[in-house]
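Engineer: Sequence:
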Amino acid sequence: MTTTSYPSPVDKLLTFGDCSKFQKWPNYLELGFGAEHVGDLIRMMTDEALNTADSESMEVWAPIHAMRTLGQLRAEAAIQPIIGLFNRTDASDNYAVLSFPIVMSMIGPAAISALTTFISDPANGMYPRTYAGDCLAEIGRQHPVVREECIQSLVAVIEDFEKNDPSLNGFLIANFLDLGAVEAAPVMERAFAADCVDETIAGDWEDVQVDLGLLAARKTMRQYSLWKSTVPKNSTGEEILTPPDPSSSLQKQRNKTAKQKLKNKRAMAAKSRRLNRKKKK
1198 MTTTSYPSPV DKLLTFGDCS KFQKWPNYLE LGFGAEHVGD LIRMMTDEAL NTADSESMEV
1258 WAPIHAMRTL GQLRAEAAIQ PIIGLFNRTD ASDNYAVLSF PIVMSMIGPA AISALTTFIS
1318 DPANGMYPRT YAGDCLAEIG RQHPVVREEC IQSLVAVIED FEKNDPSLNG FLIANFLDLG
1378 AVEAAPVMER AFAADCVDET IAGDWEDVQV DLGLLAARKT MRQYSLWKST VPKNSTGEEI
1438 LTPPDPSSSL QKQRNKTAKQ KLKNKRAMAA KSRRLNRKKK K
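Counting in the numbering used here, the sequence shown runs from 1198 upward without gaps.
Treat the hints loosely; a few may be bogus.
Stated by the list, open to error - Restraint ranges, calculated between C-beta atoms of paired labels, are given here:
# : residue 1 : residue 2 : range
1 : Phe1219   : Asp1392   : 38 to 44 Å
2 : Thr1212   : Ala1391   : 49 to 55 Å
3 : Gln1277   : Thr1201   : 31 to 37 Å
4 : Lys1360   : Pro1204   : 43 to 49 Å
5 : Pro1278   : Met1418   : 18 to 24 Å
6 : Arg1419   : Gly1281   : 37 to 43 Å
7 : Thr1212   : Glu1380   : 21 to 27 Å
Simulated from the structure, these hints should not be mistaken for lab results.
Since we're looking at a predicted model, the values are computed, not measured.
No residue lacks a Cβ here, since even glycine has one placed at the ideal position from N, Cα and C.
Using the sequences and the hints, build the whole thing.
Structural biologist: Now the structure itself:
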């Protein structure tokens, strides 16, 4: 139980509960939310006690509901607080990670500058930078007038492909595919040619060309699986990143496996997002 009190109607979000029970986002504004509630909604969204509440509680979902409400309110004051959550949000937290781009696109182009600053800073975590990339891509999709600006923000990051984590480059390419960014093809081709792209995320250069309409069909056999986990399994079916190394601690092995699983989960989400968009066309 949170020790922090919230005024009505903000307090109603404490009992809204599991986001998975909603087929689509509720219209939170029907509860009576207005601009006067933005401050309390930001406070709830960033409330450490709520964000670390028992996973079986209803309250643990309140920060997500608060963030979505801020999106529906088009609350520009929430831009920096939301970005402040990126480095605190695990890539396995699907509801937060998938809500970020939708909320930011609702708030609109005002978020581009802050998102560009965040994604351009290598001091930020790799996955948090991918959240910013997803946000920029969604803003560009939903607001065509700033599509080119969003693409340029992403291009500026992938131009450092030799310094970037190959997975970051892969997620950036997934963002370009979301935007249908044919104009970014030259820098993507250079990144692939330099072997600086994790191809399990958005595919190889041929896949990308096909997706962008630059190539009618693949010319060569695919050398990897777009869908199967890249993590090998041991005889008991447990996923492992590498064969056991006697010189490496068990905890280190587990950490490597956990990181690989996170990447797979994020990659699958990116692929599913593109497939769903294709179905809607």
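Engineer: Is 31 to 37 Å a correct range for the gap between the Cβ atoms of Gln1277 and Thr1201?
Structural biologist: Between Gln1277 and Thr1201, where Cβ atoms are some 21 Å apart, the hint is violated.
Engineer: Taking the Cβ atom of Thr1212 and the Cβ atom of Ala1391, is their distance within the range 49 to 55 Å?
Structural biologist: holds, 52 Å
Engineer: Do the beta carbons of Arg1419 and Gly1281 sit within 37 to 43 Å of each other?
Structural biologist: holds, 40 Å
Engineer: Using the C-beta atoms of Lys1360 and Pro1204, is the stated range 43 to 49 Å upheld?
Structural biologist: Distance hint for Lys1360, Pro1204 holds at roughly 47 Å.
Engineer: Just tell me: holds or violated, for the beta carbon distance of Pro1278 and Met1418 against 18 to 24 Å?
Structural biologist: violated, 48 Å
Engineer: Per the hint of 21 to 27 Å, is the separation of the Cβ atoms of Thr1212 and Glu1380 within bounds?
Structural biologist: violated, 47 Å
Engineer: Taking 38 to 44 Å as the stated bounds, is the beta-carbon spacing between Phe1219 and Asp1392 within them?
Structural biologist: holds, 43 Å
The structure fails to meet hints 3, 5, 7 from the earlier list, while all remaining hints are met.
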